[in-house]
Each structure stands twice: as structure tokens, then as C-alpha cells.
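For reference, the chains in residue letters:
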Amino acid sequence: MRFFLESKRHILLALVIYAALRLLFSLGIVSEYIEQVVIYVFIVILAATGLNVIYGYTGQFSLGHAAFYGIGAYTSAYLAKTSGLESIFFFPATILAGGLMAALVAYVIGIPILRLRDDFLGIATLGFGILVRVFFDNSDRISEVLGGSRGFTGIVKLTNLETAFFVTVFLLLVTRNLITSRYGLFWRCIKEDETASASIGINTARMKLMAFVYGCFLAGVAGALYAHLYTFLHPSNFDFLRSIDFLIIVILGGMGNIAGTIYAGFIWVGFIEGLRIALPGNILDLRWVFIPLLLIALMMWRPYGLMTKKKG
Amino acid sequence: MTAVLEVDRLTKSFGGIQAVDGISFKVPPGETLGIIGPNGAGKTTVFNLITRFYTPDSGDIRFMGRSVTHLAPHRLARLGIGRTFQNLRLFRELTVAENITSAYLSGNRYSPFAGIFRTDRHSVVEKKAWQKAYTLMDFLGLAGKGDAPAGSLPYGEQRRLELARALAIEPKLLLIDEPGAGMNPREIRDLVETLRDVKKRFNLTIIMIEHQMGLVMNISDHILVMDFGEKIMQGTPAEVRRDARVIEAYLGEEGPA
Ligand SMILES: Nc1ncnc2c1ncn2[C@@H]1O[C@H](COP(=O)(O)OP(=O)(O)OP(=O)(O)O)[C@@H](O)[C@H]1O
Ligand SMILES: [Mg+2]
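From first to last, the protein sequence lines stand for chains X and C.
Numbering follows this note's numbering, with no gaps: position 3 of the first sequence is 3.
Numbering follows this note's numbering, with no gaps: position 115 of the second sequence is 115.
Just so you know, these hints were derived from the structure itself, not from any lab.
Note that the Cβ used here is the ideal one computed from N, Cα and C, for glycine as well.
It cannot be assumed that every hint is accurate.
As the list claims (entries may be wrong) - Among chain C residues calculated to face chain X with C-beta under 10 angstroms, some are:
1) R66
2) V68
3) H70
4) R75
5) A77
6) L79
7) F117
8) R118
9) K127
10) Q131
11) A168
12) K172
Generate coordinates for the entire structure from the input sequences, incorporating the hints supplied.
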């Protein structure tokens, strides 16, 4: 198929990286903890790519991305658990369900709120994120399984290197092709000038909604992979700070730059986890001093990301 | 023959300002209508009403015989109303070629699926879009600049790129807002040539707002004169030059250029 032929080089590169990681894991050179972190990096990259589509490419400022990540996580975990389909065989279907549920919710709330611009949209998505967090906190009133503020326990571990890696690579290639198609072009037009976009016949409301729904779909899929990696979900995993994490990765990698998001995902997760290992336990909380300082420095010296020198 | 555009008692006010006050006019196929008038006369507002960036307070707009007053801006563009902006509105970070292909692609579709999986439909439409871009770049003197960011072009070329972008939607009616703004007499002469060529080649009907008398008198079949949101008169360039009200309201002591 042309999709795979055109992506030959990327697919080859991905296979090499996969083989190297598989070897590393199989030989038992790295600890299980490191393995989990590496798999987690791919999940984070996938979710951040979703935000890059929404914000980096289309210019829609969202502070609630983690809510969609959470919706995907809870949906797929709930489905797997209650339907008894807790096997690797049905895993693709549960992942897809997580993505689709996030997309559906994005569609429903996107119609009213995407009319807002910039800071107003930021505040609306922030509000939505808080709402979802409150919903997770009280989810045990709907179903005991969801666990409410105690957390959702006992999820089967189905996410491994293979699932996380290949789902992410496939969806990154899909995203790349969308970005380089007429849809990605319209998203970039809209980011620059909505009025001019409408004047050349672009249905701006529809295209903005499409970017938002697709970006949230990616977050939902990532959430589903996350749920079956850590096997435990807590509402605090999907709060405002997690949304900020995704935002940092997008900005660090450069707005509207997929490769940048991949590097930044590694750097960011590596940095956070690295501090966890490097800092002695009694000053571990100092991370929350380093991270904001780093952000301030970044905004002062490289406001358009580590990868791009210029605005792009 | 039905007029390409028919504007009927169009009105728009902003707060206390009556920006457009009951304007009516018709533009027959193939005609170039010039709109002149002093600063703040309401000329740009008329364009913004026709393209529905502003909602009219009252009045009706018919395009090719059909009332389009309630259509959204992108629908009007798809029907064939193209426009440029008084203050350039290019996609500055996009390349010159992308500025043009985006306009062509808005009316020439393929599905997201076709885009993701690179079907034949995708290749055919994309190829046409790029051909369109190269044709228009050649035609408007932008050859070889396809990969440059639009914002990096010199001012005159940005103006021409905006024209190219508007032409890429394959419009029947083109609204041009002050194409000569900020141009020297030599550039204006080139622009007159270009606009004549464009019109012939694309079989267009044009409405052009312009302050440069040399340009507007030269190219228009009819001229509509506005002041304080109203139509003062409409006539041939020769008639407009002679009209006392026009000389008083707009051309001033100096008379026509
Ligand atoms: N969006 C708006 N909000 C408020 N007032 C506006 C708006 N757009 C136009 N106006 C006012 O309407 C009047 C007509 O403006 P318009 O831009 O149509 O004039 P113009 O004839 O194009 O002038 P110029 O030759 O300077 O471009 C002006 O008084 C202007 O201040
Ligand atoms: Mg004006």
C-alpha cells in the first residue's frame, strides 16, 4: 500500500529502534522500571502529538488535554474490566474505544467552545479539565469499578513495548500524512488568519473541530495504553498539571513540529524521571523548583522551542 | 442578462456611525466597477458586507441571481466570490506556493482517508493544486519564489500573491481593496497591465476600491462614488470626472489626476 511505501524510511528507522529496544529489554540489561519509563515515553509522545495538532498546528490553546487522556484511560479500562475481554486479543478494540470516547466528548464540547479564541479557549478547556477531574473523583457513585477518589485498581497489564511502540508509530505516520494533506494545510492557514482562511473558502469552524477531535482521539488512545501499562488509575494522574506537561512538550519541541515533539517527549520524561533517580529522597520535592525554573529559562532563551531557533 | 452581483439598499452601522447607508448597485458580467470615496466613506465595509464578514443591518445581496445574504463567508468563496484585503492578510509563515494551493484545495476535495492513505484521488487533486500554483506564480511574476515564506516577500510581491491566492479559488467575481496602496507610479502601471490580463484570462467580473485615480479611471467601466456611507453617483469615468458633487466631495480642488 502506498501509505507504507511512502513512509519506507520512517518505518525502517522505527524497526531499527524497536529491535534495539527489544534486545535491551530481553537481555535484561535494563530494570523493569526503566522499561516501563521507556514505554511511557511513547505514550506521552502520542498524547502530546495530539495537542500539537490542536495547538501547534491549528493554534487552539488547550489547557485540558489531560482530561481526554483520562477519558481514554478510564473508558478502555472500564470496558476491559466489565466485559471480561481482558486479553491481548481484544486489546486493540479497547484501545480504539478509549480513543473514540475521547473523540466523541471532544466533538460534543468542541462545538460550543471552539468559537472562543486564545485565552478564552484556554480558560474554557481548563474548566472542562477540572470538571472531568471532579467526575473521576466521584466516579464510584456511577460504578464501583471506577473507584472514585480511591483510584481504579486491578486493571490487567496488556501494554508492552510492542503495543505502545507500534500503535504510536502508526498514528504518528497517520498524523504526518494528515498534516501534509489539505487538512493540515487548512489547519496552518487557520492558525495564521481565520478571516483570510474563510475568504478562500475554508470552513474554519469545521476544520478547527476536526483538529480538536483528532488531537483528542490521539490523547484517548494514549490514555488507553497508559491504563493498561500502570494498571492503576487515579484522578490526580489526569489533572491540570498533566495538561501542562503535554503543553511543555509541545512548546519544547517547537509548535507544529512532529519530530520535535518526539525528541521533547524523551527529554521531558527523561528529565523528570532522571531527577527522581538522581535526587536523594529527602529533597525529591525540589523537582518542583527545578522544573519551573527550567521553564522560565526556556521561555527567555528559546521561546519557540529547543529545536527551532525561529518562530515556526 | 442577470447581473453577477446585485446589491439592494444595504445598510450597516457601528454604534452611532452609519458606515453604509442604503447602497444599491448592480454589476453586469464582465464589467469592472470602481469604487472611490474619501477615507471612512464605507467602501471596505461594503466589501465586508458582500463577503459576510459583517452582517448587514438590512438590505439584500444577490449573486448570479440568487440571494446570498445569509451565507457564511466560506460558502460565498466557494460560490465564486474572491477578495483581497486592504491591509494584506497573507498566511505569512506558509510558503508562497502553499498560500495558493490552500485556496485551490478548499474547493477541490479529497477525504481525510484519501489524505492519510495517499489514494489516487489525493495524488490527482494535489498535483492539480501545484500546477495551479505554478501557473498563477508565473502569471503574477512570482516565478521561482514558491518555497519562500510569504512574509519574506517585498511588499509589492505580497500584494500580487494575495491576488494569486484569490484567483486560485477560481472566482467569478473578484473584490479588490486598494491594490495600488503604497505603490509608486511605475508599479501602478504594471498593476494596470496585470489586472487587465487577469480579467481577460479568467473571464472575471471585478469590483475594485482604489484611491489612485490614474489606476481606477483607467481600468473601470463604471465608477461608483461614495461619501458618508451613501452613493453620491455612479457613471462612466468621464461622467464622474465632470460631476460637480464628486469634485467637491472627493477630488477636491486639484481635480482628477
Ligand atoms: N468593525 C468596525 N467597527 C467599528 N467601526 C467600523 C468598523 N469597520 C468600519 N467602521 C467604521 O465605518 C466607517 C467606514 O469605514 P470603511 O473602512 O468602510 O471606510 P473606507 O471607505 O474603506 O475608508 P478607507 O479609504 O480609509 O479605507 C468608518 O467610520 C469606520 O471607522
Ligand atoms: Mg477601506
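Hint check:
no.	hint	result
1	R66	violated, 17 angstroms
2	V68	violated, 14 angstroms
3	H70	violated, 15 angstroms
4	R75	holds, 8 angstroms
5	A77	holds, 4 angstroms
6	L79	holds, 9 angstroms
7	F117	holds, 5 angstroms
8	R118	holds, 4 angstroms
9	K127	violated, 13 angstroms
10	Q131	violated, 15 angstroms
11	A168	holds, 7 angstroms
12	K172	violated, 13 angstroms
Hint check: violations occur at hints 1, 2, 3, 9, 10 and 12; the rest are consistent with the structure.
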